[in-house]
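Q: So the chains spell out like this:
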Amino acid sequence: MSVAGINVLVEETRALQAAQTKAPLLDVRGVSAYYGSIQALKGVDLHVKEGEIVALIGANGAGKSTLMMTIFGQPQARTGSITYAGRDITRMATHEIARLNIAQSPEGRRIFSRMSVRENLQMGAAVHGGRHFAEDLERMCVLFPRLKERLDQRGGTMSGGEQQMLAIARALMSRPKLLMLDEPSLGLAPLIVKQIFSAVRELNEREGLTVFIVEQNAYHALKLAHRGYVMVTGAVTMSGTGRELLDDPQVKAAYLEGGQH
Amino acid sequence: MASGSTTPIAVTARADASALPGLIKDAGLFALVTLGLCVPIVSYRTDLGQGIGLVITSRWGTVFALCAAIFVLRFLQQLYLTGRTRRRAAHAPVAEGASRLAAILSPITLGIALTLPLLAALGAGSLGEGRYWIDLGILILTYVMLGWGLNIVVGLAGLLDLGYVAFYAVGAYSYALLSTVFGLSFWVCLPLAGLFAAAFGVLLGFPVLRLRGDYLAIVTLAFGEIIRLVLINWTDFSGGSAGISSIPRVSFFGLPFTAGENGFAATFGLAFNPMHRLVFLYYLILVLALVTNLVTLRMRRLPLGRAWEALREDEIACRSLGIDTTITKLTAFALGAMFAGFAGSFFAVRQAFVSPESFNFLESAIILAIVVLGGMGSQIGVAIAAIVMVGGPELLRNLGFLKAVFGEGFDPSEYRLLLFGLAMVAMMVFRPRGLISERTPSVTIAERAR
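Same order as they appear, the protein sequences are chains Z and R. For the first sequence, the UniProt record's numbering begins at 1 and goes up steadily by one. For the second sequence, the UniProt record's numbering begins at 1 and goes up steadily by one.
Heads up, a few of these hints could be off.
Claimed, not checked - Keeping only pairs whose Cα atoms sit at most 25 Å apart, straight-line, the calculated SDA-like set for lysine to any residue is:
(1) Z:Lys177 <-> R:Pro303
(2) Z:Lys148 <-> R:Leu302
(3) Z:Lys177 <-> Z:Ile89
(4) Z:Lys148 <-> Z:Ile89
(5) Z:Lys177 <-> R:Thr325
(6) Z:Lys223 <-> Z:Ile192
Treat the hints as calculated values from the structure; they're not laboratory data.
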């Protein structure tokens, strides 16, 4: 085994040890959620510890996005509990949850397309009244140099990849402890996906940002993540470290078919 | 591709010179076809001769004139069309042009608005004779103010409100009732009317918090009608469809505009002139409108104003960024309604008479049309749209000479709504985003090629 390989192993063990000693930052227990009478989540259990990157993978309609939205209070969980940093957030309103240092980059990006990039980022900083706006803007421009060139361009006129970068940057403007990403690779070129994922890894390693990522692109997501969960029709069926899941024959067959995308 | 992005401009520049022979050829072809058509139809004419039989007279001069006319017209048409496509191809930033236009128009409009009574007096000879223009100015400014008020709700927050006139009515009846029943002065009632209207704005806001788009529009439409029907049917309270008359007139901060000892004119040592009151009303509505404008412009730079705009773009994203959409929507409704309330109490004090007639759906529609035509969100656009929509029909009154064409019974102002419709259709075809649309896409071909 090469030195680099050993280093990776050492790092992973360290991360795991660190994670095991701390209470989870986000704890989802037995959560079920419904759309009308249709049950979308059937008692989901998962947790995210501080400093971790956790990936949730699964097929279309497995309930990944629903789980993410349920954590954010829309729809609210019918049973079970969601705890964030020791606080029960199961019945809180979405905007109140967003003020607890959880930031979300929602599915389909949802940037404010008629507002400029700068205005979009200002909206992201709205939680704390834009007190460190200039400083955070600078940070985002370093993280995503593409955005720097486009600060005064209307959000909607940018490419999909730039919009995704903007969505993540906008979420980061609130200085979150936990960043939740819903399908950041959706409809993007592989090169852009790589850029975005490496930015996420950088944030995690340098600033200790905790990341919960929902992805269909299982290979990239599991490679990025410390731990992963697999979701099938509204329930978590498998969990493990990113490597374990990548090597799992079942996961391979179901989500990594067709090689390494 | 790198060279591809630069060539279109070069090509069109060259086309400028090379297109000319092509245009002449095209126009010549049209003239030739005209000639062909004219030969059998126009060139010979049969007249009754002196005796029996017909005499053929040739009219080659007319034929030549027709052909020349077709040639010139076709040439000009082509010139215009190619010019237009070239302007479009060179990604003529319509938006840029529009904002430059706005930058020029704003001070001019403001200047005219500030000096209108003077202009009217000079133009008409005396203040009394300029009365028509000042009256018209007041009317237009009322709609400018209403347009700016509604712009907060529709243009900024993106909440389609078809019942805006309800708040206008609340403001008008607030002043009418408070002054006739309790004898309160206009200056006390003005803020109260604003508060009442804002309260009604919140009242409307609560049930429609979850609604968007079409559903919201229908509920607000119903709300407007409910207010009007209540005013008609609750006779004890509002006087029913007879309305409320002899509402006290406006005073100069306590000094009445009368000829007596304590009147405005006597206090300031001026000769009494009934026009003083009108000029004062004019400046009052001008100030109210400008306050509406300043508040809106200021709000846009504040977090709340930005939240309104973000709400218009994406409500879900707003919520996930920690913005309380309930508060955001309610403040937009309340603030928009407040300005309608101010305008309403101004309406009552000017007319000295209010009745439910003045607050029908057509008023809401006109105000909304002003906002939409002005280009949602643009302040100067709304002002210009108000001038066109309210001042335009007034022009029709001056078209009396058309009676000579269409007969005595013809009344041009009856065609007001027809012209409205035509103007709307024309606008939606040529400027679908409104007269001045600030947030039009500014993407250019050069950027897209990159």
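Q: Please work out if Lys223 (chain Z) and Ile192 (chain Z) have their alpha carbons no farther apart than 25 Å.
A: Roughly 16 Å between the alpha carbons, so the hint for Lys223 (chain Z) and Ile192 (chain Z) holds.
Q: For the pair supplied as a hint, Lys177 (chain Z) and Pro303 (chain R), confirm whether the alpha-carbon distance does not exceed 25 Å.
A: Distance of about 23 Å is within 25 Å: holds.
Q: What's the verdict on Lys148 (chain Z) and Ile89 (chain Z), does the C-alpha distance respect the 25 Å limit or exceed it?
A: 35 Å, violated
Q: Is Lys177 (chain Z) within 25 Å of Thr325 (chain R), Cα to Cα?
A: Given pair Lys177 (chain Z), Thr325 (chain R) holds - Cα atoms ~23 Å apart, limit 25 Å.
Q: Measure nothing beyond the straight line between the CA atoms of Lys177 (chain Z) and Ile89 (chain Z); if it is 25 Å or shorter, mark the hint as holding.
A: 15 Å, holds
Q: Between Lys148 (chain Z) and Leu302 (chain R), does the CA-CA distance stay at or below 25 Å?
A: Roughly 23 Å between the alpha carbons, so the hint for Lys148 (chain Z) and Leu302 (chain R) holds.
Going through the hint list in order, the structure does not satisfy hint 4, though it satisfies all others.
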